[in-house]
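> Protein chains in written order, with our numbering: chain A, -6 to 467; chain B, -6 to 467; chain D, -6 to 467; chain H, -6 to 467.
No lab work stands behind these hints, which were simulated from the structure alone. Be aware that a few hints might be false.
Repeated chains share a single entry, so a pair holds when one copy, or any two copies, can fit it.
Said to hold, decoys possible - Straight-line distance between alpha carbons at most 27 angstroms, and here's what the computed BS3-like set of lysine-lysine pairs gives:
(1) LYS14 <-> LYS102
(2) LYS324 <-> LYS253
(3) LYS205 <-> LYS14
(4) LYS205 <-> LYS102
(5) LYS253 <-> LYS205
(6) LYS324 <-> LYS102
(7) LYS290 <-> LYS205
(8) LYS205 <-> LYS93
(9) LYS290 <-> LYS93
(10) LYS93 <-> LYS253
(11) LYS205 <-> LYS324
(12) LYS14 <-> LYS290
(13) LYS14 <-> LYS93
There are 4 protein chains.
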Amino acid sequence: MAAFDTVIRNGTVATASDTFKADVAIRQGRIAAIGEAIEDADVTVDASGLLVLPGGIDSHVHISQPSGPGIVMADDFESATRAAAFGGNTFVMPYCLQPKGQPLRAALKDYHALADSACYVDHSFHLIIADPSDAVLGQELPALVADGHSSLKIFMTYQDLALSDYEILGVLQVARETGALVQIHAENYDAIRFLTDRLERAGQTAPYYHGKSRPIPVEREATHRAISLAELVDVPILIVHVSGREAVEQIRWARAHGLKVFAETCPQYLFLTAADLGIDDSYHGARCVCSPPPRDKANQEVIWDGLNDGTFTVFSSDHAPFRYDAPEGKKPGGNEVAFRHIPNGIPGIETRLPLLYSEGVLGGRITLNRFVELTSTGPAKAYGLHPRKGTIAVGSDADLVIWEEREFVLTNADLHHDVDYTPYEGHTLRAWPGVTITRGEVVWDGAFRGRAGRGRFLVCGAPSLVPPRPGAQP
Amino acid sequence: MAAFDTVIRNGTVATASDTFKADVAIRQGRIAAIGEAIEDADVTVDASGLLVLPGGIDSHVHISQPSGPGIVMADDFESATRAAAFGGNTFVMPYCLQPKGQPLRAALKDYHALADSACYVDHSFHLIIADPSDAVLGQELPALVADGHSSLKIFMTYQDLALSDYEILGVLQVARETGALVQIHAENYDAIRFLTDRLERAGQTAPYYHGKSRPIPVEREATHRAISLAELVDVPILIVHVSGREAVEQIRWARAHGLKVFAETCPQYLFLTAADLGIDDSYHGARCVCSPPPRDKANQEVIWDGLNDGTFTVFSSDHAPFRYDAPEGKKPGGNEVAFRHIPNGIPGIETRLPLLYSEGVLGGRITLNRFVELTSTGPAKAYGLHPRKGTIAVGSDADLVIWEEREFVLTNADLHHDVDYTPYEGHTLRAWPGVTITRGEVVWDGAFRGRAGRGRFLVCGAPSLVPPRPGAQP
Amino acid sequence: MAAFDTVIRNGTVATASDTFKADVAIRQGRIAAIGEAIEDADVTVDASGLLVLPGGIDSHVHISQPSGPGIVMADDFESATRAAAFGGNTFVMPYCLQPKGQPLRAALKDYHALADSACYVDHSFHLIIADPSDAVLGQELPALVADGHSSLKIFMTYQDLALSDYEILGVLQVARETGALVQIHAENYDAIRFLTDRLERAGQTAPYYHGKSRPIPVEREATHRAISLAELVDVPILIVHVSGREAVEQIRWARAHGLKVFAETCPQYLFLTAADLGIDDSYHGARCVCSPPPRDKANQEVIWDGLNDGTFTVFSSDHAPFRYDAPEGKKPGGNEVAFRHIPNGIPGIETRLPLLYSEGVLGGRITLNRFVELTSTGPAKAYGLHPRKGTIAVGSDADLVIWEEREFVLTNADLHHDVDYTPYEGHTLRAWPGVTITRGEVVWDGAFRGRAGRGRFLVCGAPSLVPPRPGAQP
Amino acid sequence: MAAFDTVIRNGTVATASDTFKADVAIRQGRIAAIGEAIEDADVTVDASGLLVLPGGIDSHVHISQPSGPGIVMADDFESATRAAAFGGNTFVMPYCLQPKGQPLRAALKDYHALADSACYVDHSFHLIIADPSDAVLGQELPALVADGHSSLKIFMTYQDLALSDYEILGVLQVARETGALVQIHAENYDAIRFLTDRLERAGQTAPYYHGKSRPIPVEREATHRAISLAELVDVPILIVHVSGREAVEQIRWARAHGLKVFAETCPQYLFLTAADLGIDDSYHGARCVCSPPPRDKANQEVIWDGLNDGTFTVFSSDHAPFRYDAPEGKKPGGNEVAFRHIPNGIPGIETRLPLLYSEGVLGGRITLNRFVELTSTGPAKAYGLHPRKGTIAVGSDADLVIWEEREFVLTNADLHHDVDYTPYEGHTLRAWPGVTITRGEVVWDGAFRGRAGRGRFLVCGAPSLVPPRPGAQP
């Protein structure tokens, strides 16, 4: 009997800090050894001349999430996690949305029911706190965090989701007391409402005006406010989907003042601009409607700088899949032809890693180690999954991707989500996952070998981005 | 015959990104495997319940370096590397100082002659460019960098060392063309001269006034200038021994503008203040005279923030050993009783790691992974030694330290340098290296087992802090 | 018949830009000539060796304003304007508070009824928009601004006053369309509520904790938000009573980005600190409870810098008079012994100018011209009163103060408000108005000669801090 | 006998702070009265419907100044002050350049010899310290400042002019001790030399590359350094001809930190861009070669913001007149066809005020009062001429300009300097001085009535931009 189940042989392994040639041996789904010339195993995967990286963690995806009357997400857990695996991801973190007036436990149960038999890769849930009643803050949340639901999400915009500053402070206070990490969507709801009303009165309703309804100060202001509220409570936070210079400056200001403010950005802020929303009244640009909206080339450069200098800890997709040409999707029927009614969000679960690898690593903009940190190790640490997930280390789950460099022009037909378009149609990619392995099992190596339902739910532990309090064991 | 020479068993391994339980197996001085339950080896080191970290790299030490008429450094390569090993270091990077008007090769030969048979741990040399003549810039430096001398150092202060901005630009241009990294000592020489002259005219010559002769704007200005010159040439630089807020702000400004500006700080800026220079006319404070001088508590906090937020890549000692009570040292005889004549620099090669481990890691100020990055992986990448040095990875040199947590009050008698004092006399430490291993050989495990001359000289390769240019293999 | 009614002879006249020796001749309450050796007049005031300055404009005072159940302001229009005249003011700008659900016109009528026969000096009203209903924004406000009520005030804190961001945007939009200037009280209401609740749960209710309930980020956040909302609407604003560094930094950021953001500060941020709120559980510190609360010495220095560098346009008192030892005032009876119940605000209408003159002008911190700008010309321009008010120029109202330099220790018995204390008890002053002249009439020259009811209401015109739109006559 | 020599009747007078209708009466060259309906005078000037402003002070002009071998300035004192008067200036401040190794007094005598009988308007001299020897710093300068030569100028660039930081500190120290104000030309000489050498080696010698030889960091760095050196000595400075965002940010940083750093900008940074240097190898662009070079549109906007927000105290021309098509001017003969040999500087003494009035005041970018402050009052205060010069006040010299609004396209034939081009050829102007009065005498009112030699030399007093030290009389 071989000592190991599988050996990845002769590859170049990269972690968030190191790059080195080694064999990787897997036993019972976990990494059992990393070494030179490891003895034979039942299965050998040849990685000669190739990079072996930790599987991607897409820590910001929306799957089967209610999004408004008549609107339905295009991906369920099956299609989303299938696309994820094709795109080099071995872990996804969708959201469990608390309905107003209802307990979180019940909602979580519903999401589990949808996910349990459907997933190809492992997953956990962030909890969206839409209704931080005294009961939720005082009893339910502390218990849920104790059970490993340590990642919370709050919104500063969207009807029925936006919390007041008083409510935000309440959630942050619970996070401080329980050790949870709070994600914040930072846009000023009142400002968006005001600008949208004004645009509509002026008849400016094409998708292009979606961007005008949420200009840069709308995001900068909410970012500053989120930071200030966290400062008052003295608790780490993570600002999601940062779009450009002014929000980045707020985050840098906070970090330079010793505040524990972390940040995420997404492919749309590196590869799309406001021009992708369309410059005329056609609805074509509805495909790229997301919030915050894409900005311009100069802001893209700021995001690249932020990937480099440590401003960002997480690079996720914010996958929010809606079909374009469907009544339940982006293109409205009837008379609701206005950007206000376009569901917010774009698909990206499958393209996130190849886009960043192609332009970032092969384009010489970020180091390979930084790629690993942003796409895998950083989210694993932020959400208490490290070192079980997010790295190639002894004892970690054998979630691995072997990258293949090849140049091709992306078209939606190449993809495996259930969306009828990709915002990156026509982009040239220079790499794609050649092999995806989850817990030691090859799910993609040119052929798709995944089994729906094999992906497991994981509870999260304590975030490890900041030092433990003195006295705790390191 | 056992497969491995040595196994470190049952420890918790930490790298700059990961922390995990594993055995570490060593063969022929290099790490051959990291895994669970690795088979027996000739030597077994038990690390149960202990941390196994990459050996420290002290990338800023001065050994046997000429320091002015009548002044002699207290440590030679033997005593300095001995102290280094006791303090958990497995690699040191002293300086080779070019004498004015002389070629660098000749100077390098002299330093090799001093070091070759004396060192207990591996080492390389940074080249101090004191005389960037056309011949040096045009011929000698490119050849030296090609030979692996890829780390250069320049000074903006000190008589006979300070380069003009024109000369600095010349060195930076060579660095850009050859891929070398330039360290910069950023203090404004003219300003220091002016202030020193003025202080002396006022009879203010006690060690306390050393600090007054190099106030914060002196360092901030030179830092801004160094950044600007590097910006003009478009080349990475590394600012050494940053002391406080205003220089840190300049570095953050640069990084936020996409410039590749890296930075180092040292224990004296975390653990000493201007008060340690003395508040009266006694010479006691001469012990802590170094440049830039220690600042105050508020500036210490800024340095801690910078260790956390990625402003700093390197934490070194700037070990510059002079005896206090000796004619060739800090305490002058005759009538040269003035701070101007005190040799600049303090010892620290042995205390650097225990100080940062105690207060930083155990004090809850930085994560364990950040400790590894700052003290080992960061310098290894900055100076082109990674992954051979600076991490625990397959193929890397087996340079390891097993840490032991125990609380004691530091006194100079505990130390192994040849200096008659430590600036940290009386500080409480909470950890000390229990075992130091260099290239697989235990040199310290409670008993000192090192052999002078075993330490090897290593040439450096290209720095790997920034992405390679597109097209190069990652 | 003399050509002039009154001549101020041989003084040194100072405006916001100039200082020069000249006689000032008055006819029918206005300045008719400024010249050398002006011919005789009916009345001659000798100002030899003295400074003749424009009368102070206290553009932020609260008089007879409802302040909560059981709370009554100590000053009515008679006592407040009497104290104003003693303190060198010739114009005051109290507030007209819109009651919730009621029109502004009615409120304004009530305030006129109180003020009309009571005032010793001229005055106008700022309108506090507490209820920006569609009717108020769409009809009433545009009409009121057209009638000369061009100064609006909004609150981001206080129960029943705090507007939502949506409401603030609505008011700003009206201001943009009508040319009004909006004053903003920038503190985050929700944050204050949250912190107050938390402090009360911890039993921390002494006046000292008033400061803890509104720490610096509470003001900085609201300042940033106010700036952002004004940026979205593209309209000038004026942030009132700025207390220290972090809010100042936001304002400087805005101005450096071309935004028309103006600012006011007050004596309490130059002369009081948090220590004046008391350090124990006594109620003594209730005397200094105001919002934002006084900070510390370092923040005072930032305010002084801001007076110098143009960050501030207005220096007002924020006079909010409550007796200390009275059931309707600061010291509560019954069981409402908690900082939450202390009426916010302190008296200062009479001491504002002597404090700033003594410490600012005579203390060498600001120029004399800057003193005039901050205390008279700046507010006159901000609120559309210039050049009728706020300067010494031909055609302007003859509102003048002749300053007398003399040193004395201030005690509340020296003052003429109806408050039983002054926060500046025991401060040493070095100057006091020797003569106060309003519209050509001497009201104070050692003896008080004012007549209640002589003070007139003035409507305001368009602010003149920013250039008129192109095409308008300069 | 009339009481007054001249009355300007029915105009609207504007100072740096006020705008009001009044007559202005002049006696013996000084303003004797400002009032309503002033009695008749020998001469009446009708200003009905027109603005009456203080005469412009062009505080940065070069006249008859040696500029390198074979290079001769196009304007002498006669032509330069003639053009100044046409352009609305009543005072000019040229430079007296100390030749290396020579005393300042001798140089000053030479400039007086050239100026005394030639000037149409009053003038003073700034002293350029090119050789701060011990004798100059220790004896000559203190004596000169005591005699009223209180404005010094130093250069951080240009061969034979650039001072070392040590020398700069020496000059600043003298300024601190004597109360002089130091102007600083802030560009890094070594960096310019290095970049110029590199450009020339690459054959890039067209005027376009002048801009490339002094990019933005060259100015930003020197600005930061100048500020730092002034901070060390604790003395006010004035940075001349600031060109754009990055230098402005340094100045704002300094002011926000309480440093007394003042700044000047010039028309070329509002109305020219790098494109005016030419985009090809023709020499046409040599006409616009000045230092710092013009930047781009975005930097122009930053300069406009700085005019508004108080960053700038002085708006001058930096008139440096060289003919284009002349052997002693811009267009080189022989083989010296390279930007290095183009004399630096452009003409502007006559166009400065009409350009700023047209675009700034009439274009709605700055207020009328700010125009007066920047072009007259500010420089008068900076250089100790106020209130004798720089305002319309009783006792001030009757230096006045009545502005006429009319639109025309500027061509060099309209101008009165001795230069064969204007950089603003083809610009549309919307105003021009209708009447220029110096010390009560009309020199231009459609006809030129000036007399060469009438302009007097004035010594300067103490700058009045900052408060006098406590104890001094205000």
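> At most 27 angstroms between CA atoms: does that hold for LYS205 and LYS102 within a copy, between copies, both, or neither?
Cα proximity of LYS205 and LYS102: none, with 39 angstroms in one copy and 42 angstroms across.
> Please work out whether the CA atoms of LYS253 and LYS205 approach to 27 angstroms or closer within one copy, between two copies, in both situations, or in neither?
between (31 angstroms within a copy, 22 angstroms between copies)
> Under a CA distance limit of 27 angstroms, which applies to LYS324 and LYS253: within one copy, between copies, both, or neither?
Neither, since 40 angstroms and 41 angstroms both go past 27 angstroms.
> Could you figure out if LYS93 and LYS253 sit no more than 27 angstroms apart (CA to CA) within one copy, between two copies, both or neither?
This pair counts as neither: shortest intra-copy Cα distance 30 angstroms, inter-copy 41 angstroms.
> Check LYS14 against LYS93 for me: Cα-Cα at most 27 angstroms, and say if that holds within a copy, between copies, both or neither.
Classified as neither; 52 angstroms inside a copy, 44 angstroms across copies.
> Taking 27 angstroms as the upper bound on the Cα-Cα distance, should LYS205 and LYS324 be classified as within, between, both, or neither?
Answer is within; shortest intra-copy Cα gap is 19 angstroms, inter-copy 50 angstroms.
> When no copy is specified for LYS14 and LYS290, does a C-alpha distance of 27 angstroms or less occur within a copy, between copies, both, or neither?
neither (37 angstroms within a copy, 45 angstroms between copies)
> Treating 27 angstroms as the Cα threshold, decide for LYS290 and LYS205: within, between, both or neither.
The answer is both: 17 angstroms in one copy and 24 angstroms across copies each meet 27 angstroms.
> From the Cα coordinates, with 27 angstroms as the cut-off, is the pair LYS14 and LYS102 best called within, between, both, or neither?
neither (44 angstroms within a copy, 34 angstroms between copies)
> When no copy is specified for LYS205 and LYS14, does a C-alpha distance of 27 angstroms or less occur within a copy, between copies, both, or neither?
neither (50 angstroms within a copy, 45 angstroms between copies)
> Quick one: LYS205 to LYS93, C-alpha cut-off 27 angstroms, is that within a copy, between copies, both, or neither?
neither (29 angstroms within a copy, 33 angstroms between copies)
> If the cut is 27 angstroms between Cα atoms, do LYS290 and LYS93 qualify within a copy, between copies, both or neither?
Classified as neither; 39 angstroms inside a copy, 47 angstroms across copies.
Of the hints listed earlier, those the structure fails to meet are numbers 1, 2, 3, 4, 6, 8, 9, 10, 12 and 13, in rising order.
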